[in-house]
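Protein chains in written order, with the working numbering: chain Z, 971 to 1299; chain H, 971 to 1299; chain L, 971 to 1299; chain G, 971 to 1299; chain R, 971 to 1299; chain B, 971 to 1299.
One or more of the hints may lead you astray.
One copy or two, it doesn't matter: identical chains are merged, so the pair holds either way.
[As the list claims (entries may be wrong)] List of simulated lysine-lysine pairs, DSS-like, C-alpha gap at most 27 Å: (1) K1280 - K1266; (2) K1256 - K1217; (3) K1256 - K1215; (4) K1064 - K997; (5) K1204 - K1217; (6) K1117 - K1217; (7) K972 - K1016; (8) K1280 - K1016; (9) K1215 - K1272; (10) K1016 - K1117; (11) K1058 - K997; (12) K1006 - K1058; (13) K1215 - K1117; (14) K1043 - K1215; (15) K1217 - K1280; (16) K972 - K1266; (17) K1230 - K1266; (18) K1103 - K1215; (19) K1272 - K1006; (20) K1215 - K1266; (21) K1215 - K1204; (22) K1064 - K1272; (23) K1266 - K1256; (24) K1117 - K1204; (25) K1204 - K1103; (26) K972 - K997; (27) K1256 - K1230; (28) K1280 - K1230.
Keep in mind that the hints were calculated from the coordinates and are not lab data.
Number of protein chains: 6
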Amino acid sequence: MKDIYIADLVNFDEGTTFDGFFLVLAKQQRTTKNNKPYLNLILGDKTGQLEGRVWELGDPRIARDFDRGDIVKARGSASRFDDRLQMKIDQLRKATAGEADISDMLPSTACNVDDLWHTLLGFVESFTNPDLKLLLSTMLSDPAIAKAYREAPAARQLHHAWLGGLLEHVVSLLNLAERVATHYPMLDRDLLITGVILHDIGKVTELSWETGFEYRVEGVLLGHIQMGVALTEKTIDSLTGFPPKLKTLVLHMILSHHGKLEFGSPKLPMIPEALVLNFLDDLDAKMQAVQSEFDKSIREGKGPDELTGKVWALDQRQLLNTRRWLGES
Amino acid sequence: MKDIYIADLVNFDEGTTFDGFFLVLAKQQRTTKNNKPYLNLILGDKTGQLEGRVWELGDPRIARDFDRGDIVKARGSASRFDDRLQMKIDQLRKATAGEADISDMLPSTACNVDDLWHTLLGFVESFTNPDLKLLLSTMLSDPAIAKAYREAPAARQLHHAWLGGLLEHVVSLLNLAERVATHYPMLDRDLLITGVILHDIGKVTELSWETGFEYRVEGVLLGHIQMGVALTEKTIDSLTGFPPKLKTLVLHMILSHHGKLEFGSPKLPMIPEALVLNFLDDLDAKMQAVQSEFDKSIREGKGPDELTGKVWALDQRQLLNTRRWLGES
Amino acid sequence: MKDIYIADLVNFDEGTTFDGFFLVLAKQQRTTKNNKPYLNLILGDKTGQLEGRVWELGDPRIARDFDRGDIVKARGSASRFDDRLQMKIDQLRKATAGEADISDMLPSTACNVDDLWHTLLGFVESFTNPDLKLLLSTMLSDPAIAKAYREAPAARQLHHAWLGGLLEHVVSLLNLAERVATHYPMLDRDLLITGVILHDIGKVTELSWETGFEYRVEGVLLGHIQMGVALTEKTIDSLTGFPPKLKTLVLHMILSHHGKLEFGSPKLPMIPEALVLNFLDDLDAKMQAVQSEFDKSIREGKGPDELTGKVWALDQRQLLNTRRWLGES
Amino acid sequence: MKDIYIADLVNFDEGTTFDGFFLVLAKQQRTTKNNKPYLNLILGDKTGQLEGRVWELGDPRIARDFDRGDIVKARGSASRFDDRLQMKIDQLRKATAGEADISDMLPSTACNVDDLWHTLLGFVESFTNPDLKLLLSTMLSDPAIAKAYREAPAARQLHHAWLGGLLEHVVSLLNLAERVATHYPMLDRDLLITGVILHDIGKVTELSWETGFEYRVEGVLLGHIQMGVALTEKTIDSLTGFPPKLKTLVLHMILSHHGKLEFGSPKLPMIPEALVLNFLDDLDAKMQAVQSEFDKSIREGKGPDELTGKVWALDQRQLLNTRRWLGES
Amino acid sequence: MKDIYIADLVNFDEGTTFDGFFLVLAKQQRTTKNNKPYLNLILGDKTGQLEGRVWELGDPRIARDFDRGDIVKARGSASRFDDRLQMKIDQLRKATAGEADISDMLPSTACNVDDLWHTLLGFVESFTNPDLKLLLSTMLSDPAIAKAYREAPAARQLHHAWLGGLLEHVVSLLNLAERVATHYPMLDRDLLITGVILHDIGKVTELSWETGFEYRVEGVLLGHIQMGVALTEKTIDSLTGFPPKLKTLVLHMILSHHGKLEFGSPKLPMIPEALVLNFLDDLDAKMQAVQSEFDKSIREGKGPDELTGKVWALDQRQLLNTRRWLGES
Amino acid sequence: MKDIYIADLVNFDEGTTFDGFFLVLAKQQRTTKNNKPYLNLILGDKTGQLEGRVWELGDPRIARDFDRGDIVKARGSASRFDDRLQMKIDQLRKATAGEADISDMLPSTACNVDDLWHTLLGFVESFTNPDLKLLLSTMLSDPAIAKAYREAPAARQLHHAWLGGLLEHVVSLLNLAERVATHYPMLDRDLLITGVILHDIGKVTELSWETGFEYRVEGVLLGHIQMGVALTEKTIDSLTGFPPKLKTLVLHMILSHHGKLEFGSPKLPMIPEALVLNFLDDLDAKMQAVQSEFDKSIREGKGPDELTGKVWALDQRQLLNTRRWLGES
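Pulled out of the complex, with its shape left as it was, chain Z reads as follows (with noise of 0.2 Å):
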């Protein structure tokens, strides 16, 4: 485990020294106004990224030899620029092998994998459909499968993502999902908990995750709903007597979710339970937006009267976090 982590550096005072392992995210060579060269970093770890200056480039103790995707040990103190907390960066070089871990250095989420794990393996115990069973628990048995659900994030951007982000979603889409099924009873309950756990199940090879979050090549060009139905459609016609028009309905879930085209839904949502689905995953998203600016807001001390910064998943509205405005909390 490492001593010094970034949400750590962002309390200290200006000129405080650290001294600590953490990711290269990017890497600029600049000068400034002037004409003063220096080298920009954004340095990571599992609690956040912060901008880092090398100054003194031509100092022996600055290593030369890393690159983006590298671990590295920096040492320097906390400075400010702008407002903002940077760390300028006295000596750095390349971490050994084994002596940092890469666990460490990316965001990853606050919840017990296993825990996780087990509560969506719960849910396709609990299935009554042997077809929709036999489907989820071939799929979530292949080990490559099952660890990338584990790992993946649920989008590339840093602050929105992080290991495990993927499944953390899911499983708060099935218990949401499963609230609503038994709301509605024209609902195939095991229709929708598949295409809860599967709709997004593209993206463990859309994105990239080892040296941050990034798309892959194929990734962009056939992105993750195409990706989550050839996956799914693979592993279908791999099974002895699927019944077709069950893998026609499990596809549509999977290719509508987005619900509308101009997201990226090559059909619109035909059936009551695809349209259940893209419904929630909206809800879900937003509600986590909205839980992220509120915290957000209380970090930069704002005051219960301010609205948030504007929200990207809400048209850049502004919210208005009623507890606190109403001194509930």
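Please arrange chains H, L, G, R and B on chain Z, whose structure you already have, making use of the hints.
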């Protein structure tokens, strides 16, 4: 109670005679392409509506002294035109006072209104917020409001609306909101429930439903959102010590519940409770539309492989009934 | 071969009799405004479709045991209603097996399918890329695919679609793409040609054309883009050593060929070949629509100064036939 | 009255010293790229606003005990950065009570507020409709409303807004509306004039202008349309015998005056007076924006051939000053 | 002058006979559902248009040698079909030369054209800008232009258009523009007035109105904006010494007067005069549409509580007649 | 010919000195954050443009008497700021007449303009339509038009535009149009080719390119579509006996070539030739944008796996270079 209903007529063979009381929903003088004059009526009762034609205008058994909104007694036989059933009317007279019951004449909810009302009051009873509890019990104990709330349809269009429709919609939404409120701890449950109960309360003055479902002129010029806000604000202002911030939040819930400016909400949802109210209101309306279309497809004899008609609430999309297609129901 | 075709009927004078085989495209029981019942049919053959009416329903010469999709033998006379020609049918019976040829009953391309197919295979033969050549020859030598590809219409709407329409459209596009590929050296010609051949291949499973042109339920829920991608991916996965990057590019060509998210492509064209495919597909479809409208205007007797009807494919725009207006043709 | 104004400073040469009272509109701690800390201020008075910088933070002549909304006395010299003038501040202290006049500190209308108010009351005096006359004189004789109406800016953005801006805008609109009302005899002139006077009255509670122009939280959640309707409705309900239909029309004028749902009006104009109000309000706002841009171009030294900057109120369009281009002014 | 007008016929009882001259606006051969052939005509005169039917096609009293655009003498009786009045025509012949006056045959302005023209010329006379004065007097003194300007309708649709409609619209706009020009001193009044007079002048060549109102093919391909610009440019180029900048401004006024690219203006208004021209043209068109709908509602017997029909010019909105609803008129 | 070009400078190491002639594209006085004044210039020549800074403003070797549009001789050294190369200028003076060639100072086509012009004239020579041939040879033999047509850029933005760009774009389009014209026999080839040659001819007056590429005020107010139509119409009107219908079609081709109202075409394409012109113009512009982005990615050292920057002409989409990704080039 009536002897014969529109719903019965629809199953009549061509030529079968009928004799019963109906509400006149429309009345128009017309002529066939061959210059034969006739009277075209739309007659309705609680089970539906049907077109009727009077061919023998001079016949003394055909009254002339009736108008839209009157109850009439009509006798005639079932007839088909372009595959649709019609009423061929041979005798017609205005009903005398007490001869027929207006409550039989308009479609109304299949649920027990007293039960629905009791459920609604139970939710208010469960509040821990004393101000919101007082606001709602004050409004709902106003006899005029209570009567109208129990009677009002949720919309004007006859095929989507019925007496008690507003209450039925709200109670469905209450149960759904309760489930979702417990899933997201950030939500102020009593505020959300208050929004559910009050969001459409302006419809009790926007619409009239004595003689068919119509918008009042005031309703057209101001809208139920404004009317609901005004009614709520007036009640709040009559209560001593209602917290001003809470007043703002309650009014904001009503104002923003359509979720988009172009749907007539002058403000977008800016608190989590308003966001959830808009989502659930939208989902519940769509799920009811889907259920109605599935019922209609079955009534119309469509096969399990056939898509429904185009659903207005879903941008004219056609849907597939999952369970029927899979042979599950 | 049939003795009489819909196209001949259209030139009949009112009252001329006919006697021939037709495919039943629609069948509906109706009543006139004066309560006279009749059977309304839409009858078609390879040259077009026409409305027909049966007035003497009880006549023993009128069969009752036929339905949509059957071939019938009908006798009657030409009649006019609101300036449109109709068939007044006096006798009607189901055709016996072998009595009529289904290939006469649906509109089909005016081109020689064998020639078109030969041209298509010639393009594949000309490839220098061995992987793409192998992929296409594998797919096109599958008897089921080859049969369906030669038969499939390009769309459902009868007036825009005919047997062999898909193949005819693709061959036109191949010739156009070849000309454009040589104009822009940056283009990978074999990849572009592969895209042309495969872009609509999903239509062979999206549509059915045995008894009129219809979407299958699977086609409605998944769409021809997804179906074409799945078919192509399955074939590629069966080939040893197909380059993974090339696979991604081929699938991307199919996925993106509608050119806009709102037209059902889940990804926009991101390589030059996909961009060109989308442009040419769109241009060729529009030019065919224009040609059809010009032909229709001439058939309808419009003068050279008159604009065509509103063209659906061109946003309901009306066009002017340059050459006719200038008196050049 | 102040000795020196922001507007004077703008014409200073670099290096000229100043000494005067200003309102603190923003205050932020910053650091240069070279790690030099400074205090960044936005200082304003009735003639404009300007950025100021304090470099010698430890200097005892620089106060620390002031905040946004305070009036301060600042001494320093004019300085240029990136072609924009700034204030380099050497001494700074909070003003003592009575030392400076808040009315000098915010931009305010160039017109005489008493004259504007008199004109407004003259319009009310001229009404022939006794109910509307009573409504308006009741509202405008409320001391709190009258005071706020005379003070309120028309919008939050400093460069578009000033004290008395609402009143100035309304009086311009009154004169324009009078001209148009006499052109169209169909218009109810008193109703139109009532709409002009009340359409933005909700801004007196939506905005605060004591220490710069800001939206109140209530203003953000409810909006000035709703607030204006509520204030008007409350007044009407306090009058005996105000005609209900007239009440509906007056409220409709306020509700619909933004003219489009997407601009925040929950109802579109449905009476001629509302239609005209929306047109004239929009035209007058745009003409003021154009005039401001022309003035700004001259201030910035642009030539007659140069287009203005992009005008926000005209969808970022750039304009040409007709008279200057023609050499007429 | 004619003896009988369409407007008179509308008030006839069923069966009343008529005998008069009318312009043939449309002629079509049709058949009833029962196969009875008839001739369907649309006959018009200056007061309106009406459908007419000829049932006895073989009758020697029914001429066959007439076509669209001819004046005919028709005798018959009033008849009703689906609540609309029709003309049942028993005798019909082509009018001989001189027997009827074409000026009686098309709807035309209710104003005195000479007075309107005089007003228009008076505005030109009042100009202080000699170049604009010369431009306009040159154009308006061209006999062909003057004749066409006095005759042209403002649009093709019969119910919105009449002979002299262009001139009537322009004169209304002149009076309105004069009022607004004096309200905004920034405006170049002569340039604005020039724009009002010339903005729609291209309609004199875009439309034809000899035999009903139609677009010419050239009008459809080029549009009245381009045609008006070309006509104006040609005149300016024929004048010696017309200032080039003024030419650009005048042409820009015409080009941009539709105000939006999607309404067919290739340039948006970029000078204040063009901005105002677009606003006033739009307002005046909408006010006329509103007035027409109010008149139509009264003609159709609607009550004061009833909304008008859907107004095309106002995005299908329905309106309420303020004065009638209040009982003021 | 110049000794040193911007393109050479870009490859200089930091500190390398230069000495050469450049065109001043922009000149602005600025100050650093630390209050140090400097002169910021954008200097260009035919190979590109670069930012330059003058720090020693008082130095007698730095001229003050130059302005935008002048050619200057500048001496200094290469410098880096924020990873971008800049010119640090130590000496600077205005060039004397004849010392430098303006043709070296602006970017220009890499093609031989005489060859392009010859190709263009060859297309005109090949016409079979004598009227169109006469029109084009008349226009292109006008020395002023010919000179401007050979010089004009195709657009204002420096990175998309160069001297001779219009001609280069048209010749590429001519070759493409010829290929497509022979594919669709319905097309009038000479009319299509005429449209290609004239569609952007208004740019010769819309833009100025003597001292950088700018819109003239007249260009901004009228646009190149209108200017091209006017120039063409004037020429046609000077020819005796040019067929009026052909004139209308030629003007329509120019008017409609942007293809959509919102792109500034006041009429949509209504003839096949106009439809094709719009498609090919759009395709060719996009293919050039793609090629430019691919070149730029290589210049910037991006790897084959990296997407290009966001392409403005393709709605900010990023592209992948097929051949590079496949390792084919």
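How the hints compare with the structure:
Taking the shortest alpha-carbon separations for K1280 and K1266, only the intra-copy value of 12 Å comes in at or below 27 Å, while the best inter-copy value is 30 Å. For the homomeric pair K1256 and K1217, the shortest alpha-carbon distance between copies (25 Å) is at most 27 Å, but the shortest distance inside one copy (30 Å) is not. Proximity of K1256 to K1215 under the C-alpha cut-off of 27 Å is restricted to the inter-copy arrangement: shortest distance 24 Å between copies versus 33 Å within a copy. Taking CA atoms no more than 27 Å apart as the test, K1064 paired with K997 passes inside one copy only; the shortest distance there is 14 Å, against 41 Å between copies.
Proximity of K1204 to K1217 under the C-alpha cut-off of 27 Å is found in both arrangements, the shortest distances being 11 Å within a copy and 16 Å between copies. For a Cα distance limit of 27 Å, the shortest separation of K1117 from K1217 qualifies both inside one copy, at 25 Å, and across copies, at 25 Å. When the C-alpha separation of K972 and K1016 is checked against a cutoff of 27 Å, the pair qualifies only within one copy, where the shortest distance is 10 Å, while the shortest distance between copies is 55 Å. Taking the shortest alpha-carbon separations for K1280 and K1016, only the intra-copy value of 25 Å comes in at or below 27 Å, while the best inter-copy value is 30 Å.
For a Cα distance limit of 27 Å, the shortest separation of K1215 from K1272 across copies, 18 Å, qualifies, whereas the shortest one inside one copy, 53 Å, does not. Only within a single protomer do K1016 and K1117 lie at most 27 Å apart by alpha-carbon distance; the minimum there is 19 Å, versus 56 Å between protomers. Taking the shortest Cα distances, K1058 and K997 sit within 27 Å of each other both inside one copy (14 Å) and across copies (26 Å). Proximity of K1006 and K1058 under a CA criterion of 27 Å is satisfied in both settings, with 15 Å inside one chain copy and 14 Å between copies.
Taking the shortest alpha-carbon separations for K1215 and K1117, only the inter-copy value of 24 Å comes in at or below 27 Å, while the best intra-copy value is 30 Å. Within a single copy, K1043 and K1215 get their C-alpha atoms no closer than 56 Å, and across copies no closer than 37 Å, so neither meets the 27 Å cut-off. Taking identical chains as interchangeable, the C-alpha atoms of K1217 and K1280 lie at most 27 Å apart only when they sit on different chains, with a minimum of 25 Å there against 41 Å within one chain. For the identical chains of this complex, K972 and K1266 are intra-copy neighbours only, at 24 Å inside a copy versus 42 Å across copies, given an alpha-carbon limit of 27 Å.
For the identical chains of this complex, K1230 and K1266 are inter-copy neighbours only, at 26 Å across copies versus 30 Å inside a copy, given an alpha-carbon limit of 27 Å. Taking identical chains as interchangeable, the C-alpha atoms of K1103 and K1215 lie at most 27 Å apart only when both belong to the same chain, with a minimum of 16 Å there against 34 Å between chains. For the homomeric pair K1272 and K1006, the shortest alpha-carbon distance between copies (26 Å) is at most 27 Å, but the shortest distance inside one copy (36 Å) is not. Taking the shortest Cα distances, K1215 and K1266 sit within 27 Å of each other only across copies (23 Å), while inside one copy they are farther apart (46 Å).
With identical chains, the CA atoms of K1215 and K1204 are at most 27 Å apart both within one copy (16 Å) and between copies (19 Å). Proximity of K1064 and K1272 under a CA criterion of 27 Å is satisfied inter-copy only: 25 Å between copies versus 38 Å inside one chain copy. Only within a single protomer do K1266 and K1256 lie at most 27 Å apart by alpha-carbon distance; the minimum there is 15 Å, versus 34 Å between protomers. Taking identical chains as interchangeable, the C-alpha atoms of K1117 and K1204 lie at most 27 Å apart whether they share a chain (19 Å) or sit on different chains (25 Å).
Both within a single protomer and between protomers do K1204 and K1103 lie at most 27 Å apart by alpha-carbon distance, with minima of 16 Å and 24 Å respectively. Only within a single protomer do K972 and K997 lie at most 27 Å apart by alpha-carbon distance; the minimum there is 22 Å, versus 38 Å between protomers. Taking the closest pair of Cα atoms, K1256 and K1230 come within 27 Å of each other both inside a single copy (16 Å) and across two copies (15 Å). For the identical chains of this complex, K1280 and K1230 are neighbours both inside a copy (23 Å) and across copies (17 Å), given an alpha-carbon limit of 27 Å.
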